[in-house]
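Asker: Residue numbers (my numbering), protein chains in the order written: chain A, 21 to 190; chain B, 21 to 190.
Check the hints yourself; a few may be wrong.
In this list, chains with the same sequence are indistinguishable; a pair is considered to hold if it fits within one copy or across any two.
To be verified - Using 20 Å as the maximum straight-line C-alpha spacing, the simulated SDA-like pairs for lysine to any residue come out as follows: (1) LYS46 <-> ALA156; (2) LYS157 <-> VAL34; (3) LYS187 <-> PRO63; (4) LYS185 <-> GLY67; (5) LYS157 <-> SER28; (6) LYS46 <-> ARG161; (7) LYS157 <-> LEU38; (8) LYS157 <-> ARG170; (9) LYS39 <-> PRO159.
I should point out that these hints are in silico values taken from the structure, not numbers from a laboratory.
2 protein chains.
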Amino acid sequence: MESPTKSSESILFVQTFLKAWSLQLKRFTQLVDELDDVALAKPTAPGRNTGIYILGHMIAVHDGIYPLLGFGERLYPEYDALFITSPDAAGKPYPAAAVLRANWKEVNNRLNERLAAIESTEWLARHNAVSDADFAKEPNRNKLNVVLTRMAHVGYHAGQLVYLKEKVED
Amino acid sequence: MESPTKSSESILFVQTFLKAWSLQLKRFTQLVDELDDVALAKPTAPGRNTGIYILGHMIAVHDGIYPLLGFGERLYPEYDALFITSPDAAGKPYPAAAVLRANWKEVNNRLNERLAAIESTEWLARHNAVSDADFAKEPNRNKLNVVLTRMAHVGYHAGQLVYLKEKVED
Numbered sequence: 021m022e023s024p025t026k027s028s029e030s031i032l033f034v035q036t037f038l039k040a041w042s043l044q045l046k047r048f049t050q051l052v053d054e055l056d057d058v059a060l061a062k063p064t065a066p067g068r069n070t071g072i073y074i075l076g077h078m079i080a081v082h083d084g085i086y087p088l089l090g091f092g093e094r095l096y097p098e099y100d101a102l103f104i105t106s107p108d109a110a111g112k113p114y115p116a117a118a119v120l121r122a123n124w125k126e127v128n129n130r131l132n133e134r135l136a137a138i139e140s141t142e143w144l145a146r147h148n149a150v151s152d153a154d155f156a157k158e159p160n161r162n163k164l165n166v167v168l169t170r171m172a173h174v175g176y177h178a179g180q181l182v183y184l185k186e187k188v189e190d
Numbered sequence: 021m022e023s024p025t026k027s028s029e030s031i032l033f034v035q036t037f038l039k040a041w042s043l044q045l046k047r048f049t050q051l052v053d054e055l056d057d058v059a060l061a062k063p064t065a066p067g068r069n070t071g072i073y074i075l076g077h078m079i080a081v082h083d084g085i086y087p088l089l090g091f092g093e094r095l096y097p098e099y100d101a102l103f104i105t106s107p108d109a110a111g112k113p114y115p116a117a118a119v120l121r122a123n124w125k126e127v128n129n130r131l132n133e134r135l136a137a138i139e140s141t142e143w144l145a146r147h148n149a150v151s152d153a154d155f156a157k158e159p160n161r162n163k164l165n166v167v168l169t170r171m172a173h174v175g176y177h178a179g180q181l182v183y184l185k186e187k188v189e190d
């Protein structure tokens, strides 16, 4: 088997990463789709975040990747106050589950279109939350690192959301 | 700012990825360290896996990466039967928490030493659970993909283990 050239090597790194990212998004979306609105409204464990809050939180975080990578304005900046800087609270007027389900797909489709078009060298450029000086010292604080971290974050909340699925059939 | 050469580009991809992987392992280990043995013995949610089971499961999975990437034999093959192929069960004679805590660090230290030494081209070679024919069709089924998937898996179970932490001080 021939070694890939250095150029195709970088492209393969990016392709492998984007496939893994897409798989995690697909699994999270399947999990959301399997839960009905009644299930999503429940806490994932006693005293812990509801499915609705977790879904809103994921939308806010993935929407926030857009400006961080220099793609432009985000779609739902108002979700930060609801789902990132404030804790989950019963009785809060959250958007309807149907709205959040649609937002989640919209935000990821929009983001993934842009991610698919990043050149391999550009993945290694700094993201917008790190200064040039800090980036010179820590070159791993690049765009790839942002999405890698968010990929683990998808897993984190998928592990919680799965607790809304019935374990035993009634 | 100069573009990196193609060769240094691949090295930066690998470095960025390994830093993100190490960060996830560090966070999971901190979480385990913050939970005492009494907390670890509890279910993470009613009717769900205990902290002990999740810790054992993580050891089994990370130990299993070793042969998958062609590094050699694993340390604790007997953990598969306890923590992967069988569900968590009260009263089962699981290893003591102190043993599992030590195993977790041992397995990751051993693995990370080998991961740090993989050449960038080698990350894109097939892993031992995919045939040459399948790999020709799906070149993303490489060593990098194995560890990317395991990184999301660390997040998944970290999101569950965190439910063992007290939310409110008594």
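Asker: Against each hint, give a clear statement of whether it holds in the structure.
Answerer: Structure-based check of all given hints:
no.: 1; hint: LYS46 <-> ALA156; verdict: neither (35 Å within a copy, 24 Å between copies)
no.: 2; hint: LYS157 <-> VAL34; verdict: between (23 Å within a copy, 17 Å between copies)
no.: 3; hint: LYS187 <-> PRO63; verdict: both (15 Å within a copy, 14 Å between copies)
no.: 4; hint: LYS185 <-> GLY67; verdict: both (17 Å within a copy, 12 Å between copies)
no.: 5; hint: LYS157 <-> SER28; verdict: between (28 Å within a copy, 16 Å between copies)
no.: 6; hint: LYS46 <-> ARG161; verdict: between (26 Å within a copy, 17 Å between copies)
no.: 7; hint: LYS157 <-> LEU38; verdict: between (26 Å within a copy, 17 Å between copies)
no.: 8; hint: LYS157 <-> ARG170; verdict: neither (22 Å within a copy, 28 Å between copies)
no.: 9; hint: LYS39 <-> PRO159; verdict: between (24 Å within a copy, 11 Å between copies)
This entry does not satisfy hints 1 and 8, going by the numbered hints stated previously.
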